[in-house]
Every structure is written in C-alpha cells, then in structure tokens.
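There are 4 protein chains.
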Amino acid sequence: MTTDKFTDVRVGVIGVGVMGHDHVTRITERIKGARVTAVYDFMADTAEKVAAEAGAEVFPSWEEVVVSDQVDAVLIASPGKFHAEQTIACIEAGKPVLCEKPLAMNPDDAYRVVEAEKASGSRYVSLGFMRRFDREYAELHDALRNRELGDLLVLNMKHRNADPHPSFTDSMMVYDSAVHEIDALHYFLDEKVVEVQSIMPRSTRNAPQGLHDPMILLFRTESGIIVTDELYVTTKGGYEVRTEAVGSEGTSTIGMEIGRVTTQKHDGSWGGSVHPDFRPRFLDAYDAEVREWIAAVKNGRNVAERSATAWDGYLTAATCEAAEKALSADGFVPVTVRDHP
Amino acid sequence: MTTDKFTDVRVGVIGVGVMGHDHVTRITERIKGARVTAVYDFMADTAEKVAAEAGAEVFPSWEEVVVSDQVDAVLIASPGKFHAEQTIACIEAGKPVLCEKPLAMNPDDAYRVVEAEKASGSRYVSLGFMRRFDREYAELHDALRNRELGDLLVLNMKHRNADPHPSFTDSMMVYDSAVHEIDALHYFLDEKVVEVQSIMPRSTRNAPQGLHDPMILLFRTESGIIVTDELYVTTKGGYEVRTEAVGSEGTSTIGMEIGRVTTQKHDGSWGGSVHPDFRPRFLDAYDAEVREWIAAVKNGRNVAERSATAWDGYLTAATCEAAEKALSADGFVPVTVRDHP
Amino acid sequence: MTTDKFTDVRVGVIGVGVMGHDHVTRITERIKGARVTAVYDFMADTAEKVAAEAGAEVFPSWEEVVVSDQVDAVLIASPGKFHAEQTIACIEAGKPVLCEKPLAMNPDDAYRVVEAEKASGSRYVSLGFMRRFDREYAELHDALRNRELGDLLVLNMKHRNADPHPSFTDSMMVYDSAVHEIDALHYFLDEKVVEVQSIMPRSTRNAPQGLHDPMILLFRTESGIIVTDELYVTTKGGYEVRTEAVGSEGTSTIGMEIGRVTTQKHDGSWGGSVHPDFRPRFLDAYDAEVREWIAAVKNGRNVAERSATAWDGYLTAATCEAAEKALSADGFVPVTVRDHP
Amino acid sequence: MTTDKFTDVRVGVIGVGVMGHDHVTRITERIKGARVTAVYDFMADTAEKVAAEAGAEVFPSWEEVVVSDQVDAVLIASPGKFHAEQTIACIEAGKPVLCEKPLAMNPDDAYRVVEAEKASGSRYVSLGFMRRFDREYAELHDALRNRELGDLLVLNMKHRNADPHPSFTDSMMVYDSAVHEIDALHYFLDEKVVEVQSIMPRSTRNAPQGLHDPMILLFRTESGIIVTDELYVTTKGGYEVRTEAVGSEGTSTIGMEIGRVTTQKHDGSWGGSVHPDFRPRFLDAYDAEVREWIAAVKNGRNVAERSATAWDGYLTAATCEAAEKALSADGFVPVTVRDHP
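Residue numbers (the UniProt record's numbering), protein chains in the order written: chain H, 1 to 341; chain U, 1 to 341; chain F, 1 to 341; chain P, 1 to 341.
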C-alpha cells in the first residue's frame with residue numbers, strides 16, 4: 001500500500017497477551033498514522049477488552065484478520081508456534097506483517113516462510129527484534145559497517161535480568177534470551193554462525209530449580225569471529241545488556257549505564273541505579289520498530305530498512321537449534337544453514 | 001475540551017519558522033491524537049509550504065487561527081514579542097495554548113498573561129520549557145521533592161554550545177540561554193530568586209565580537225540556595241547541559257554523557273562524542289512536552305502537570321530582567337516579583 | 001649539600017603532631033636516602049615517643065635542630081605561627097627546608113621569608129602543598145602549559161570533606177581548606193589573583209554552629225580567568241577534590257573517582273565508594289613531595305622542581321588575606337601583592 | 001633474620017636484565033630498609049654497570065651470591081629456566097627469596113621447590129606476581145573473601161597490550177601473559193583449576209606472523225567457577241587489564257580507567273588516554289611487592305602475607321602446562337595437580 005500521511009494504516013493484531021497488548025497500546029497512543037482496526041486472541045475476553053481500548057473490532061479467527069479488507073497490515077504477537085503459519089498467510093494475502101520473534105519454532109518452518117516470501121515476488125515480512133532499533137545498537141552497527149574498529153575479531157555480549165519466571169529452563173535461555181544476541185550478532189556482523197558451544201559455570205543458588213544460570217554460549221562465525229554471550233537471568237539486580245566489540249583497530253562498548261550519579265551520605269558511596277526490567281531499556285526501540293514499520297508500509301516498501309527479515313529469522317532459528325543441541329554436548333556443535341532461496 | 005482518544009485535537013500553529021516548523025512536523029508525524037489544521041506565519045510562502053506538509057489550512061491572520069472553530073488548541077512559535085498578546089487572545093477565546101518561551105519580553109507583559117488567565121477562572125497556558133520533560137530532569141526533580149539529598153544548598157548548572165549565531169549578544173545569553181536554567185531552577189526548587197549577579201571571565205577568542213563568553217550568573221533564592229550558571233556558547237565542542245545538585249545529605253549530577261566508549265588505535269585514547277546540537281539532546285523532551293500537552297487538552301485539564309505555567313513564565317521574565325541588569329552591575333541585583341494574583 | 005645516593009640526608013623535624021609524625025614515619029619507612037636524626041616538639045613526651053620510633057635524638061629547642069651539624073635539612077610541621085621565623089632561621093643556617101603550609105600567618109611575614117631567601121643568594125625553601133605532586137594535578141598542569149585547552153578561561157574547583165572538627169570556622173575554611181585551591185590555581189595558572197569574592201549559600205544543618213558551609217569563593221586573575229571554589233566540609237559523605245579547567249579549545253576534569261564499579265542485589269543499584277578521609281587521596285602525593293625534596297637536597301638543588309616556593313607561599317598568604325576580608329564584604333575585594341624582590 | 005628498622009636488609013640480585021635492573025633501581029632508590037649488596041649476571045658488563053649504580057659488588061656466580069654472608073635475602077630475575085634451581089639453593093642456604101615469575105618451566109620442577117621448602121621446615125619463597133599488590137586487586141580480593149558478591153560464579157578477565165615483541169608466540173601468550181590471570185584467579189578464588197580450553201578467534205592482521213591474537217582461554221575450577229581470559233596483545237591501543245567478578249549477589253569490575261576526562265574542540269569528542277605500557281599501571285604494585293617483602297624479611301616472617309607462594313607457583317605451572325596443551329586441543333584439557341606435600 002502507498003498512502004499519504006493523513007490516512008491511517010489499519011493494523012490487525014493477532015494475539016493480545018502482554019506483548020500484543022503493549023503493541024496495541026503503542027499503536028493507539030503513540031504511533032502516528034496507524035490505528036488498530038482488528039484484534040484476535042484465542043481468549044475472547046482478552047480480545048474484547050483490548051479491542052475496546054483501541055476502538056477496534058474483535059475478529060472470530062486470525063485467518064479472518066489476515067484477509068479482512070479492514071486490515072492493511074498485520075502484527076503477530078501470538079504464541080511462537082503459530083508464527084510461521086500466520087506469517088505465510090499474510091504473505092499469501094499480500095499484507096505486510098510484523099511478526100514478533102521467533103519467526104518459527106524450528107529452522108524448517110522458518111525456511112518455509114522465506115520460500116513463501118520468495119515465491120510471492122515481494123517483501124512482506126518484518127521480524128520483531130527491537131534491539132536493531134536501539135540508538136546504541138545502531139551506532140555500533142554503523143561503526144562496524146564503516147570499519148571504525150578495523151576487522152571485527154570478538155564480540156562480548158552480556159544479557160542479565162533480575163529474575164526469571166520460576167518455570168524458566170535451559171532451553172528457554174536459548175530461545176527467549178540468547179535469541180536476542182543471536183539476532184544482534186547477525187545484525188552487527190552480516191555473516192553466519194558456523195558453530196556453537198555452551199559452557200556451564202556453577203549456578204547461582206537463586207536460580208530456579210534445574211536452570212543453568214549463568215550460562216555462556218560461544219559462537220564462531222564464517223570468518224572466524226568469536227561471539228561470547230554470557231546469559232545470567234537471576235542476578236537479583238537489574239537488567240543489563242552490554243556488547244563490547246573488539247576489532248583490529250579498536251574496541252567499542254555499548255550498554256554502559258552511567259547516567260545520573262549520586263553520592264549519598266551514610267557510607268560515602270556514589271552510584272546510580274539499574275532498571276530491573278527490560279522494557280524501560282528498550283521502550284524507545286519498540287516504538288521506533290513499529291513507527292518505522294508503519295512508515296515503510298505507508299510508502300510501499302513494506303519492510304523497514306533496519307528490520308530483521310524472514311531470512312534473519314531463519315538464520316536465528318538455525319543457530320538456536322544448534323545452541324540448544326550444544327546445551328548437552330561437549331565442544332562445538334555445527335550450525336546447519338541452507339542456501340538462501 | 002474532553003475527547004475520546006480516537007478524535008484528534010485540532011491544533012492551530014502561529015509562527016512556522018524553524019521551531020514552529022519542527023512542532024508542525026512533530027504533531028503531524030509523531031504526536032498521536034492531534035493534527036495541525038491551521039497555520040499562520042507572517043511569511044506567506046513559509047506558511048503555505050508548512051501547511052501543505054501538514055495538510056492544514058493557511059490562515060490570513062493569527063487572530064483568525066485563535067478563534068477558528070477548526071482549532072481546538074493553539075501552539076505559538078512566533079517571535080517572542082508577540083507571545084503575550086497572542087496568549088491572552090487564546091485565553092479569551094477559551095483555547096488551551098502551548099506558547100514557546102519566553103512568555104513575554106518583560107515582566108509586566110508576562111504578568112498581564114497571568115492576570116488574564118486568573119480572570120478567566122480556568123487554566124489555559126503551557127509554556128514551552130522542554131527540559132521539564134527530559135527524563136533526567138524529571139528524576140532529579142523527583143529526588144529533590146522526595147528530599148533524597150536533604151536540604152538543597154547549591155545548584156551548579158552548565159550550559160555549553162558549540163557555536164552561537166555571529167550576532168549573539170550578552171543580552172541573548174540571558175534571554176535565549178540562561179532562560180532555560182532560570183526555568184529549570186524554578187522547576188527544581190519551587191521557590192523564587194531574590195537576586196542575581198554576573199561574573200565575566202576572560203572571553204574565548206572564538207566568541208563573536210563583543211560577546212562575554214563564558215559568563216557566570218549567580219542566583220540566590222528565598223531560602224538562600226545559590227544557583228551557579230556557567231554559560232559558554234562558543235566551546236567549539238558540543239552541546240553539554242549539566243546540573244549538579246548539592247544537598248545536606250548528598251549530591252546528584254545529571255547530564256554526564258558517558259555512553260558509548262571507544263578505544264582507538266593511533267594514540268591509545270578512549271572516549272566518545274558529544275552532540276554539537278541541542279536538538280538530539282532534548283528531542284525526546286520536546287516530543288513528551290507536546291504529547292503530554294495534547295493528552296491534557298484531551299482530558300480537559302488543558303495543561304500538562306509537568307509543564308511550566310504562566311506564573312513560571314512571569315517568574316522567569318522577572319528573573320531575566322534582573323539578570324540583564326546584572327550584566328552591567330557590580331554585585332547582586334535584586335529581582336522584583338509581584339504577588340501571585 | 002651534594003651527596004651520593006648511598007649517604008642519607010639527615011633530616012631534623014620541628015613539630016611532630018599528627019602531620020609531623022606522619023612525615024617522620026614516611027621518612028623512616030618509605031623515603032630512601034633520608035633519615036630523621038633530630039626531633040623537636042614543645043610537647044617533650046611526644047618528641048620522645050616519635051624520636052624513638054625514628055631512632056632520632058630529641059633536641060631541647062627548634063633553634064638547635066636548625067643549626068645542628070647532625071642535620072642536613074629541616075622539615076617544619078610546627079603550628080603555623082612559627083613557620084616564618086623557623087624558615088628564616090633555616091635560610092640563615094644555609095639548610096634546605098620543607099615547611100608545611102602556610103608559610104606564614106600573614107603576607108608581611110611571608111614576604112620577609114621571600115626577602116631572606118633572596119638576600120641569601122640561594123634557594124632553600126620548599127612549601128608543603130602536596131597536590132602539586134599528585135599525578136592528576138601534574139597531568140592537568142602539563143596540559144595547561146602545553147595549551148592543550150587553548151586559553152584557560154575558567155577553573156571550577158570543589159573541595160568536599162565528610163566532617164570538619166567541631167571548632168571549624170569560616171576563617172579556617174579559607175586558611176585550612178581554600179588555601180589548597182589557592183596554591184593549586186597558582187600552580188596551574190602561573191599568574192596572580194587580583195580580587196576575591198565570597199558567596200554564602202544557605203548552610204547545611206549538619207555544619208558546626210556558626211560555620212558557613214558550603215561556601216563559594218570566586219577569584220579573578222590578572223588575565224581575567226575566573227576560579228570558582230566550592231568548599232563544603234560537612235558533606236557527611238566523603239572526600240572529593242575536583243577541578244574542571246575550561247579553555248577556549250576544550251575542557252578537562254580531574255578528580256572524578258570512577259574506579260571500581262559494583263552492582264548490588266537488593267535495589268538494582270550500581271556504584272562505588274568515596275574515601276571519607278583526604279589522606280588516602282593524597283598519600284602518594286605526600287610521599288612524592290618528600291621524595292623529590294630529598295632528591296633535590298641530595299643533588300644540591302635544595303628545592304624540587306614541582307614544589308611550591310617561598311614566593312608561592314607569599315602569593316597564597318596575600319590571597320588568603322583578601323579572601324578572609326571577602327568573607328564579610330560585599331562584592332570583590334582586591335588582593336594586594338608586592339613586587340617580587 | 002629479624003632486624004630493627006634502621007638496619008638495611010642486604011639483597012643479592014641474580015639477573016639484572018630489564019626486570020632485574022628495575023628491581024635494583026627500585027631497592028636503591030625507593031625501598032627503605034634495604035640495599036643491594038651483591039649482583040650477578042651472566043653478562044659481566046651488565047652486572048658491572050648495574051652494580052655500580054647500586055654501590056654493590058659483582059659476584060662471579062649466582063651460587064656465591066646465595067651463600068654470601070653479605071647477603072641476607074635474594075631476588076631472582078634470571079631467565080625462567082634457572083628459577084627453580086636457584087630458588088632451591090636459597091632455601092638450602094636459609095635465605096628468603098623473591099623469585100620473579102615463573103617459579104619453574106614445568107610443574108615437576110616447581111613441585112621440587114615446594115618439596116624443598118617443605119623439607120626445610122620454614123617458609124622462604126615469595127613469587128613475583130605483582131598484581132596481588134595492586135590496590136584494586138586487593139579490594140576485589142577482600143570483597144570476594146567477605147562474600148560481598150555472594151558465591152562467585154564467573155570471572156571475566158581481559159589482558160590487552162599495545163604491541164608484542166615480533167617473536168611472540170602462542171606459547172608465550174600462555175607463559176608470559178595468561179600466567180598473570182592464572183595467578184590472579186588463584187589469588188581471588190583460593191581454589192584450583194581443573195580444566196582449560198582455548199578458543200581461537202580470527203586473528204588481527206597486526207599480529208606477528210603465526211600468533212593467534214586475540215585468544216580466549218577458559219578455566220573451570222573445582223567448584224565450577226568459569227574464568228574467561230581474553231588475551232589480545234596487538235591492540236595497537238594501550239595496556240588494559242580488567243576483571244569483572246560475577247557473583248550470586250552482585251558483580252564488581254576493576255580496571256576501568258575513567259580518570260581524567262577531556263572534551264576537545266575539533267570533533268566534539270570527549271575522553272582520555274590509556275597507557276601503552278604495563279609498567280605505569282603496576283608501578284605501585286611492584287613497589288609494594290618489594291616493600292612488603294623487605295618488611296617481612298625484617299620481621300622474620302620471610303614472606304609477605306599477600307605474596308604468591310611456592311605452592312601458588314606450582315599451581316600456576318600446572319595450569320599453564322594444561323593451557324599450553326589446550327592451544328592445540330579441542331575442548332577442555334584437564335589440569336593435573338599433585339597433593340600439597
């Protein structure tokens with residue numbers, strides 16, 4: 001679709017749990033040039049409540065959202081197992097789609113989305129990896145593209161949360177946490193991962209039963225760059241996401257939160273605070289992600305330039321699959337990647 | 001007015017030079033729930049061009065913008081000398097108005113706005129001091145209100161720009177630069193300034209002819225708090241705005257930009273960069289200012305809770321007047337403040 | 001004297017209260033090439049105790065220390081009112097002398113020391129302003145000398161302590177605290193102060209009765225540089241000594257203590273600690289001061305290159321005198337400085 | 001030996017190349033209570049020159065240094081292959097010895113030193129790992145001992161140099177660079193390493209031919225703590241040595257050099273500089289190491305409390321041996337450690 005800026009893009013939202021609800025609120029309250037017109041959730045009550053807030057209509061099935069002539073573009077925030085099928089339906093309906101991560105639960109399903117989009121002859125798919133829309137990520141991305149650090153050699157990433165859900169598992173550490181660094185490394189590096197290894201340090205006693213926390217994943221890329229990802233989700237502290245890029249001509253770090261500094265009385269300490277939650281850290285990035293998606297839809301490009309694509313989603317799925325195998329393997333596990341169709 | 005969230009507030013914009021144009025773009029592209037319907041500028045060509053971008057109508061006079069039934073609220077970005085009169089017209093028309101700073105060119109005119117609003121029996125006036133909408137300013141404001149630092153004793157403020165306009169004068173140093181710290185101190189302290197002194201260091205050779213740059217202004221408040229404001233607009237570096245609050249139980253600093261850190265090859269240096277312009281620093285604050293104004297207009301409050309009011313504008317005008325006198329005086333110059341009507 | 005490095009410089013120490021005792025311990029335990037051979041204190045017991053620790057002899061009067069042939073060089077740490085007379089005696093005895101600050105209680109007495117040294121035809125006097133021997137101070141000094149910041153325009157200094165002695169007075173704020181910044185500005189700037197003003201903010205309720213704390217002193221130098229000195233000795237926090245140099249081509253800050261960073265569990269805070277005492281901050285500087293003095297004595301130069309001289313001591317005394325007058329004056333008070341003999 | 005503080009410890013120095021010469025200068029110029037009386041080097045000219053500077057005697061063999069009655073304590077800075085034999089000779093002569101790292105070229109030789117000291121019934125051996133005497137290392141060590149971070153889970157270490165010698169090899173990366181982190185982890189953790197893995201990222205094109213640079217070593221300890229050591233010796237930048245400790249209750253970082261901050265004109269940049277060489281970084285630590293050794297010798301303890309011992313030297317040798325094997329192995333290589341005799 002190509003519209004002038006005074007015509008709203010009408011968005012259909014599939015799945016309005018916490019994340020989908022956030023997106024509906026975002027579009028309704030903050031994203032100019034778009035409005036939510038259609039909502040589907042398998043919980044009918046939830047769908048009603050969220051639709052009312054947005055002035056949208058509740059649809060009886062996601063399939064009807066996709067094909068509705070009240071819907072110009074689709075945002076998918078349903079459970080991950082439905083993503084591939086729903087995204088393919090959007091492609092077939094010729095509707096731009098912003099799908100929350102992951103694109104699919106396994107590489108084969110993700111690859112089918114890539115093939116479907118290829119077959120359509122157009123681009124339709126944006127994948128919701130919001131870090132690509134964070135200002136610091138973008139600065140580091142540009143610095144690497146401009147070779148400000150020379151050849152990149154090592155990326156050190158850290159991903160820390162205060163507290164996970166009690167049912168958090170090692171597998172979720174890969175698919176819910178590391179998945180962000182896996183997409184980020186593709187964003188930064190523009191090359192594939194060839195193998196993955198897991199290293200399990202002693203776990204914190206604060207971790208949920210059975211969870212290896214912290215956990216270190218090591219990725220080796222085609223050109224030999226090593227990416228270390230330290231995942232630690234029960235820090236009891238706050239949300240910290242850092243990346244240090246180590247190049248032949250310099251290093252660069254993002255995510256050092258040294259903003260407001262306070263010195264306090266009682267103990268001669270100085271310091272600041274870390275947000276316990278990830279949403280404040282990436283709130284602007286989420287807004288930018290949706291804003292740029294809407295702008296792309298308006299001008300007929302369908303996909304924002306910075307956004308992760310279906311192919312990125314496939315690479316991430318393939319890498320996650322190897323990472324999950326690496327959880328119970330010794331040494332490096334190869335990543336199997338098919339050719340780009 | 002009180003509207004639901006799906007009805008746009010229709011904004012009339014008076015003055016669409018650089019700042020007014022920015023606001024029109026902001027409302028058109030980023031502020032949900034509002035659209036620009038009316039534009040006036042004494043440069044007819046400029047008005048036409050900006051109106052076209054916004055899909056708005058050009059009006060032949062600002063008076064007609066104010067009273068138009070196509071206009072729910074007015075944003076004033078005309079030259080400062082028109083602000084008081086135009087704001088009073090909005091009050092009389094019963095329209096919420098967001099007026100760019102200053103409220104008036106002198107305390108008497110500003111006081112007339114305060115009186116007009118008082119006489120109206122309602123609140124209509126928001127003043128465009130965007131720093132109140134900056135996240136760090138808000139955090140420090142809240143910390144001071146919560147007495148996290150005990151009694152406030154000293155505020156050290158710095159205001160640095162890379163390069164001023166070649167025609168920049170000492171008087172503009174007060175009315176264009178220090179005016180932001182003067183409003184900020186009222187925001188932080190909730191008390192009046194009783195006297196002002198200027199201190200003129202040796203000037204940088206890079207400054208425009210005749211400009212005292214840097215310049216230090218000292219403000220003393222009712223309770224004896226001293227506010228130092230170092231203004232330095234020809235740093236040839238970047239935009240830096242810092243505030244250190246010194247209290248009986250601790251100190252707190254905002255505006256330390258220590259984000260991305262890079263170590264580079266050739267000289268073993270580490271560091272980052274400072275934006276040369278003030279707009280990136282306060283872009284989010286400008287957006288928040290207009291967003292919260294629109295929200296307040298929608299819900300019938302007219303004025304955002306955090307916004308500077310007409311009375312704040314009067315206090316700033318009175319303090320600026322004394323500061324300008326202090327430029328050519330020895331020692332402290334008293335600030336004359338009338339009673340709140 | 002000129003000695004090889006294997007012969008100890010024999011030091012006589014006059015006054016072994018806290019500071020003098022520290023120096024005796026320093027020389028005995030850490031300063032190679034020197035030993036304390038003679039000690040005098042008007043408290044005979046203290047003298048005995050300290051002398052025993054150092055293996056030194058107790059002398060019955062300071063005059064005998066000065067002229068003793070067991071003493072190659074003299075370190076004066078007696079009460080300030082004796083400094084001028086004792087220093088002159090050392091000059092007359094042809095002995096290198098390291099005198100703790102101040103050189104004298106008033107400019108006239110300090111000037112007499114300058115004249116005495118001039119009359120002797122040699123250099124003998126080092127003054128104990130240890131900050132000149134601090135690594136960061138030396139780096140900033142060198143940067144200013146090399147004009148890395150262009151023309152210096154403003155120096156912003158802060159001097160904060162956790163807690164003063166309960167009998168601390170405004171006058172001591174000048175003579176015990178600001179005196180360090182007054183010497184430091186002469187060290188950094190190599191030009192004289194022409195006038196001083198005091199600004200008294202509201203005092204912290206934690207301050208001793210009658211003390212203005214914090215206090216701001218403003219100094220203007222010959223070339224028009226403004227030096228601001230914020231003194232705040234009852235912060236209840238820690239020791240912080242910062243200097244920001246503002247030049248025509250850049251700014252530079254020393255004294256930002258951002259060393260070890262800790263994130264802790266309970267509140268998501270990050271930060272570090274500030275030392276409550278000044279001694280850890282300047283311990284290395286004190287050692288360097290005495291070490292370089294001993295080295296200078298050994299090689300016949302008598303005075304370390306970096307050390308404050310009698311003339312520096314006179315300038316500081318003259319500036320302190322004006323600063324003390326400024327405590328009870330409105331506006332700037334001129335500093336009277338005689339010509340260098 | 002037990003001496004009063006006025007009697008110098010007479011030190012014999014074996015090997016006066018760069019490091020040995022530094023130690024001779026240190027003792028002669030900065031370490032109170034000690035002097036160098038005997039020097040041996042297989043380069044007779046070097047020995048003569050250094051001995052002259054120190055006022056010491058040149059000995060014809062290292063054996064004669066060890067047994068000389070002019071020598072109370074021995075400092076070994078000869079090539080590493082002689083260390084074990086020379087240290088054992090000191091033990092047999094009943095002389096305290098400070099041996100530069102490594103203690104031996106292989107675990108067996110190091111173990112022989114441990115056994116010799118055990119057989120002697122006394123403690124004689126200090127090992128020259130100076131980082132234990134660095135202020136930040138000591139703070140982190142104490143924080144870990146006091147369980148300020150709860151259980152330690154991960155240590156992330158980085159070791160960066162500007163430029164290596166052109167003949168630097170992978171093996172030297174272990175024995176000359178990583179050896180410092182290997183000792184440091186024993187210092188911090190007080191437990192043994194059980195296995196080591198190497199990870200080889202793509203190398204910088206600036207590295208000497210054949211060198212894997214950067215290189216990552218992973219160590220797992222008895223309790224499952226993972227230590228990552230990123231070694232990168234051709235950064236072309238400066239010397240950076242950082243450690244981040246990650247515990248169950250918090251994290252702590254040492255080695256962040258954010259001291260003097262400069263903003264400069266031309267490009268709006270801010271930042272500071274990193275020393276290219278390791279000596280300025282650890283100068284104070286070297287001094288403290290020798291100072292505390294001398295103090296221990298004086299009071300009859302022979303070994304400074306903080307110093308690495310022969311047993312530490314053995315553990316480091318055993319861990320280095322495994323690390324070197326790991327350079328050409330896949331996955332983890334076990335560390336073989338014999339029982340403490």
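Treat the hints as calculated values from the structure; they're not laboratory data. Since this is a predicted model, take the numbers as computed values, not measurements. Treat the hints with care, as some may be off.
[Unchecked claim] DEER-style ranges, computed between Cβ atoms: (1) H:Ser328 x F:Glu148: 40 to 50 Å; (2) H:Asp330 x P:Arg147: 50 to 60 Å; (3) H:Glu29 x U:Gly150: 34 to 44 Å; (4) P:Ser171 x F:Leu283: 16 to 26 Å; (5) P:Asn299 x F:Ala44: 42 to 52 Å; (6) P:Gly331 x H:Glu148: 42 to 52 Å; (7) H:Arg123 x U:Asp287: 21 to 31 Å; (8) U:Arg147 x P:Phe6: 52 to 62 Å; (9) P:Gly210 x H:Leu283: 45 to 55 Å; (10) P:Ser167 x H:Gly331: 29 to 39 Å; (11) P:Lys192 x H:Ser328: 18 to 28 Å; (12) P:Leu283 x H:Arg338: 54 to 64 Å; (13) F:Glu148 x P:Gly210: 36 to 46 Å.
[To be verified] Some chain U residues judged to face chain H by a derived CB distance under 7 Å, without partners named: (14) Glu29; (15) Lys32; (16) Gly210; (17) Arg281; (18) Phe282.
Cβ coordinates follow ideal geometry from the N, Cα and C atoms, glycine included.
Hint check results:
Between Ser328 of chain H and Glu148 of chain F the Cβ separation comes to about 57 Å, which falls outside the hinted range of 40 to 50 Å. With their beta carbons about 32 Å apart, Asp330 of chain H and Arg147 of chain P fall outside the hinted range of 50 to 60 Å. Distance hint check for Glu29 of chain H and Gly150 of chain U: the Cβ-Cβ separation is about 38 Å, which falls inside the suggested range of 34 to 44 Å. For the pair Ser171 of chain P and Leu283 of chain F, the beta carbons lie near 40 Å from each other, so the given range of 16 to 26 Å is not met.
Take Asn299 of chain P and Ala44 of chain F: their Cβ atoms lie about 30 Å apart, and the range 42 to 52 Å is violated. The given range of 42 to 52 Å is broken by Gly331 of chain P and Glu148 of chain H, whose C-beta atoms sit roughly 35 Å from each other. Separation of Arg123 of chain H from Asp287 of chain U is about 30 Å and conforms to the stated range, judged on CB atoms against 21 to 31 Å. Evaluation of the 52 to 62 Å hint for Arg147 of chain U and Phe6 of chain P yields a pass: the beta carbon distance comes to about 57 Å.
Range check, Gly210 of chain P to Leu283 of chain H: about 49 Å between beta-carbon atoms, so the 45 to 55 Å window is met. Between Ser167 of chain P and Gly331 of chain H the beta carbon distance is about 32 Å. The supplied range of 29 to 39 Å therefore holds. Look at Lys192 of chain P against Ser328 of chain H: about 26 Å separates their beta carbons, and that is inside 18 to 28 Å. The given range of 54 to 64 Å is respected by Leu283 of chain P and Arg338 of chain H, whose C-beta atoms sit roughly 56 Å from each other.
Between Glu148 of chain F and Gly210 of chain P the C-beta distance comes to about 41 Å, which sits within the given range of 36 to 46 Å. With a least beta-carbon distance of about 6 Å to chain H, the hint placing Glu29 of chain U at the interface is held under the 7 Å criterion. Below 7 Å, beta-carbon pairs count as interface contacts, and Lys32 of chain U has one with chain H at about 5 Å; its hint therefore holds. Taken as an interface hint, Gly210 of chain U does not check out: its beta carbon lies about 37 Å from the nearest beta carbon of chain H, beyond 7 Å.
For Arg281 of chain U, the shortest C-beta to C-beta distance to chain H is roughly 12 Å, which exceeds 7 Å, and the interface hint is violated. The restraint placing Phe282 of chain U at the interface with chain H is violated, with a minimum CB-CB distance near 14 Å, outside the 7 Å limit.
Hints 1, 2, 4, 5, 6, 16, 17, 18 from the earlier list are contradicted by this structure; the remaining hints agree with it.
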